[in-house]
Amino acid sequence: MPYFFGCSYLDLIGYVLLFPLAGTVINGFLGKKLNKAIVGIVGCTAIGLSFIVSFFVFIDLLKLAPEHRVFEKDYFTWIGSGAFEAIAGLQVDPLSVIMILVVSGVGFLIHVYSVGYMHDDDGFYRYFTYLNLFTFSMLLLVLANNFLLMFIGWEGVGLCSYLLIGFWFEKKSASDAGMKAFIVNRVGDFGFILAIMLIFVTFNTIDFTDVFHAAPEHLQTGSFIATMITLLLFVGAVGKSAQIPLYTWLPDAMEGPTPVSALIHAATMVTAGVYMVVRCNVLYTLSPFSLTVVAVIGGATALFAATIGLAQNDIKRVLAYSTVSQIGYMFLACGVGAYITGIFHLVTHAFFKALLFLGSGSVIHGLGGEQDMRKMGGLKKYMPTTHTTFLIGTLAIAGIPPFAGFFSKDEILLDAFTKGSLLLWGLGAFAALLTAFYMFRLLFMTFYGKSNMTKHVEEHVHESPMSILIPLLVLALLSILGGFIGFPTASAINSFLAPVIGGGHHSMADGGNLHHVSNSLMFSMMGISTGIAIVGILLAYLMYIKQPDLPAKIVGKFKLIYKIIYNKYYVDEIYDATIVKPTVKTSFILWKIVDVKIIDGFVNAVARIVELKSEVLKLFQTGYVRNYALSILLGGVIIIVCSLVLL
Amino acid sequence: MILLTWYLILSGVLFTIGAVGVLIRRNAIVIFMCIELMLNAVNLAFVTFARQLNSMDGQIFVFFIMTVAAAEAAVGLAIIIAIYRNKATVNVDNINLMKW
Chain A
1 MPYFFGCSYL DLIGYVLLFP LAGTVINGFL GKKLNKAIVG IVGCTAIGLS FIVSFFVFID
61 LLKLAPEHRV FEKDYFTWIG SGAFEAIAGL QVDPLSVIMI LVVSGVGFLI HVYSVGYMHD
121 DDGFYRYFTY LNLFTFSMLL LVLANNFLLM FIGWEGVGLC SYLLIGFWFE KKSASDAGMK
181 AFIVNRVGDF GFILAIMLIF VTFNTIDFTD VFHAAPEHLQ TGSFIATMIT LLLFVGAVGK
241 SAQIPLYTWL PDAMEGPTPV SALIHAATMV TAGVYMVVRC NVLYTLSPFS LTVVAVIGGA
301 TALFAATIGL AQNDIKRVLA YSTVSQIGYM FLACGVGAYI TGIFHLVTHA FFKALLFLGS
361 GSVIHGLGGE QDMRKMGGLK KYMPTTHTTF LIGTLAIAGI PPFAGFFSKD EILLDAFTKG
421 SLLLWGLGAF AALLTAFYMF RLLFMTFYGK SNMTKHVEEH VHESPMSILI PLLVLALLSI
481 LGGFIGFPTA SAINSFLAPV IGGGHHSMAD GGNLHHVSNS LMFSMMGIST GIAIVGILLA
541 YLMYIKQPDL PAKIVGKFKL IYKIIYNKYY VDEIYDATIV KPTVKTSFIL WKIVDVKIID
601 GFVNAVARIV ELKSEVLKLF QTGYVRNYAL SILLGGVIII VCSLVLL
Chain B
1 MILLTWYLIL SGVLFTIGAV GVLIRRNAIV IFMCIELMLN AVNLAFVTFA RQLNSMDGQI
61 FVFFIMTVAA AEAAVGLAII IAIYRNKATV NVDNINLMKW
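Taken in sequence, the protein lines are chains A and B.
Residues 1 to 647 (the numbering used here) make up the first sequence, in order.
Residues 1 to 100 (the numbering used here) make up the second sequence, in order.
No wet-lab data here; the hints were simulated from the structure.
Watch out, some of these pointers could steer you wrong.
[To be verified] Below, computed lysine to any residue pairings styled on SDA-like, alpha-carbon distance capped at 20 angstroms: (1) LYS618/A x ASP93/B; (2) LYS36/A x MET466/A; (3) LYS618/A x LEU97/B; (4) LYS87/B x VAL625/A.
Only a predicted model underlies this, so the values are computations on that prediction, with no experimental measurement involved.
Next comes chain B alone, as it looks inside the complex (with noise of 0.2 angstroms):
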């Protein structure tokens, strides 16, 4: 039997390396890989307190996670086509028009 702590321990590595992800790299493909893997993170430590405390919430949370990533991932991947369509790039730093 694995000790639970391991699962949340890799929930938190994954969570780590997603979030770090996202601060340090450039292209948009790959920040939005890095979100994916945080929110993955996240369900595996619902999964296993669900498991730990035999309720089926957290695992209900799970499908919505999931659900609600399907939806994020289209729209966000067609907000990337269209900036890679606009400026030929899809490096962030570039994405700036903000900025003042």
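In isolation and in its complexed conformation, chain A is listed as follows (with noise of 0.2 angstroms):
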């Protein structure tokens, strides 16, 4: 084991966490002085440092026996209040280092974009403090050996979103996005917050290791409780990794920065929900029930927002509609109980969606922040690096082997047919055809076809420089090679991440994990899933750059279906008048009459009682000494008779 200063890599663990705090402490307090090149390189050397120290302690790992590879490292007692115990404690084990590397790693390249992207902003420093404080908090939700302390850090992403979502603050959409992000997450939170109660009460316990020990002898497949846990972990999954039905708030939260989009709500905290599932797999295996519900969800949410994504103009919201969608799939493989292949979306989609995003964010930066796709066009010979690696990251989305999306998508389809129904093998199948299409829809209204610039846009196009190229490139090759570590008949992922999956009992990881499924099987549904995006391709290339009439015809024809769609099936609009109203309403009719009128009037009215009694006893403080005097007298001579008659 290699010896850092006399300790193992793993005990370094916690610089993971120290570098991007420091970064937030120096960037949020002396930022404002310092000039934009300092803080620049503040903020990604704290996340490039965190990355180094991830990657360490990833080779460390490794070079412990399979079994072995769990590591914890307690800092100290957080809350001690009776029973109740909470650790400030860190958790090394293959899951978490696999989050960590995607964290700092992916985190580390934004950083290097938005210091190009994000130049010419008065809030820079704003920016990087927010930036690097989010990436603590997601590494302190992956890290934590406890629920407690991943509740701090599911909290703090929720923060760090609304903040950055709300970073241009004086657009009135932004912080309307914003907020209606945290409230959203909130509804997610209150969930999660009962399901660590629930959790505390029934094994007297939050520690993780605790907890998954306890719970297979604790709990019975399929008991009440264990589906009340999970499912109330799951409320708070479907708020942070936006599904049905809270889902509503990731599209608006395109309101901000380009490259917040791509890590925050694409690559990292909104498959926190998904990490959480994989994290308390011991849990949810428990209760069938709940994984059903999980898989559902994720395959309806999949398809779902895979339709509207279909009929969105603005490139940003076409690219958060995919990732509500694909985050969908990681819970259908969740839900079908192939949690490796979950992670594997989870890292894959990473890679590929943020090299999207910054993709588009190239766009937007070159076109000088026009997000319209019917305003683009023909962007090719303008922009080539960008084309290139978009290229790539569309191929990897729709699932064309060799790129990464395909690996995890073909094996989260077949693990749907496998293990779960025809019906959600179906669900995701058809998802994925509408993910080719729209994918590529954007792709040829925004650079192939001819030019719908404006004149003044066209002038100025140009190339991104190369902080923004470089991001875009390793992406890219992420994208192409990411997959292979998923590779269908000798998976590293799979072999490394078994571990983890249901409490170190290896039959079940292994069984559950392609070694029984035939190669002849494997293949054909991999057959079948190039031809889908094949066939989604195809057609975006027909109506899209053969015959760019043809959607205008095929919209006549489906006028209203066309309408729901495009207006996202008018959710935002059913949730409005059925929650957000209402809500209003009653808290209007609270406040004005009951608090102003009835809790108020209350506290008033006991005010004034007291006032007017005072007004009575008032008369008896003259303020004379004699007046005083003579009720001595009095109660004295009181006394003395009262003494004198009763002795």
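Assembling the complex is the task here: the two chains are given apart, and the hints tell you how they should meet.
Next up, the structure:
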């Protein structure tokens, strides 16, 4: 084992958190006085160092035997109250290591990208403070060794998400979107808190290791408590990971700067729910009902969001719906018990979705802030590098071999077919078709065909600077190669993550992934999913390159359906009418009548009564000594008379 | 031999005169003298009981009271003079700063 100042690298796990926190503190307190170059360097270095430490931790962990790959480091007792104890401690195991590598790695690239992208913004230091704080919270979320500490990270990323969505808070739509994200997330967090309480009541501890160790003996499969815990946890995951019915905040979150959309609202934070479900896989396995719920919600979201993506014209919104849809895939995988596949897709998705978002950012940057795809087109010749990387990302998400998305999505569909049901597979497969279609629609509308740019924009359109292109290139490389960590016949990620699943029961993990699936089924599934993707791409090609007037004709034929999809099934409007408006109205009544009239009235009445009584009592306090002396005298006389009479 | 009762009645009368004086008079000096009168009424009662009971305790109390009265006179007169300098009157009705 390599030693570093007398301790193994695993002991340095705290530094993974310390560097981003230090970056936050430096930029937050001094950033206003520092110049932009230094702020950028501090921000990027913090995350870069964090990634380097994560990498060494990963190497060290690999050197241990697979069944011993759990390392816990307790720092101090954070809360101790009776039987309740929350320890500030970190847990390094294959799952958390993969997560910190992705978070700090992709995070670092996006920090570098941001230096170029945000260069002209006045809130430069504020931006990097938030971004570092986000990275810190996210790392805390995945490294925590108990539910409560995880919850702190969970809330921390929610806070940073709010701050960064509303980063341009002068814009009303941005600050509204920030509030929407925060409030919708609160709904999910409420479920999460209840789940933590229920876990403590049931197991008398909130430590991951203890809970997962005790769960199989403590709870019976399918018991009510197990179902309640997992469903409540899933409510939290639904909020954070933007699934039906709480997905509405994510598309609006696109009001934030594009690198933020890439890091928080695509690659890392929104996948926290998936991480949490996988982390609690022992509990989920105990509740088949919850797993079914997870799978159905995941599959339904994958399809539902994909259909909305078909008709959106804002480049970032298409990507946002595609994110919702892809996370749906991850939950679909978790729901059929293929937790590792879920994480695999999480990793590859982080690569290609970050790439796509950053690519769209590069386009928006080059066009001076234009986000409407109808006003783009033909950008290929202006932005060759952006185009190439974007094409790679699009191929990856569409599921064309050998790009990253192919392996993970194919595996999810295979798992849905073998472990789930035909229905779940159908949901996933149809969503895959739509994904290929709308992503290539986006690609064709943006980079191909004739230019629809305004003259002014066309004169200024330019390829982005190197600090933007380098992260794109690195992510493109990862999007090409990333899939091979889960290569079907020799899956590295499967064997690496296996100990985390089922609390170390290998039989479950081994049996769970592919080993029982015959090769012929596997390859025919591969063929089918590739075929589906190609059909989607060809459709998009037909409609947006070959016959650009076709979409308008189709829209003309299915006016009503188009209108519904274009307006996102009116879900926002429905929520507004059924939840937001009544809440606001009730609050108004509570404010104007219950608070102002009843509560304030009661308090004021008490004060008024005291005042009136005091008016009477005031008369006794004349201020004349002789009146007081008289009462003293009378008192004395009464006492003497009484004692004489009584004695 | 004058009866003990007479001494006590005299003491009671003096005390009552003093108390009534404190309550109804407005001049601070007069009130002050009335307080002295009450103290001396008490002294008389003490001396009477001391003689009656053949005990020195009551007489010793009288000396204490006289001492306290002397100290009180010094402080009280000083306060009255201070008030007079301030307000050019010693009428207690005008000394009502504490009244709300």
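Status of each hint after checking the structure:
1. Annotation: proposed proximity of LYS618/A to ASP93/B holds, straight-line Cα distance about 18 angstroms (limit 20 angstroms).
2. A distance of roughly 17 angstroms separates the Cα atoms of LYS36/A and MET466/A; the hinted pair therefore holds under the 20 angstroms criterion.
3. Distance restraint check for LYS618/A and LEU97/B: the Cα-Cα separation of roughly 16 angstroms lies within the 20 angstroms cut-off, and the hinted pair is therefore satisfied.
4. Of the pairs offered as hints, the one joining LYS87/B and VAL625/A holds, with about 17 angstroms between alpha carbons and a cut-off of 20 angstroms not exceeded.
When held up to the earlier numbered hints, the structure conflicts with none and fits them all.
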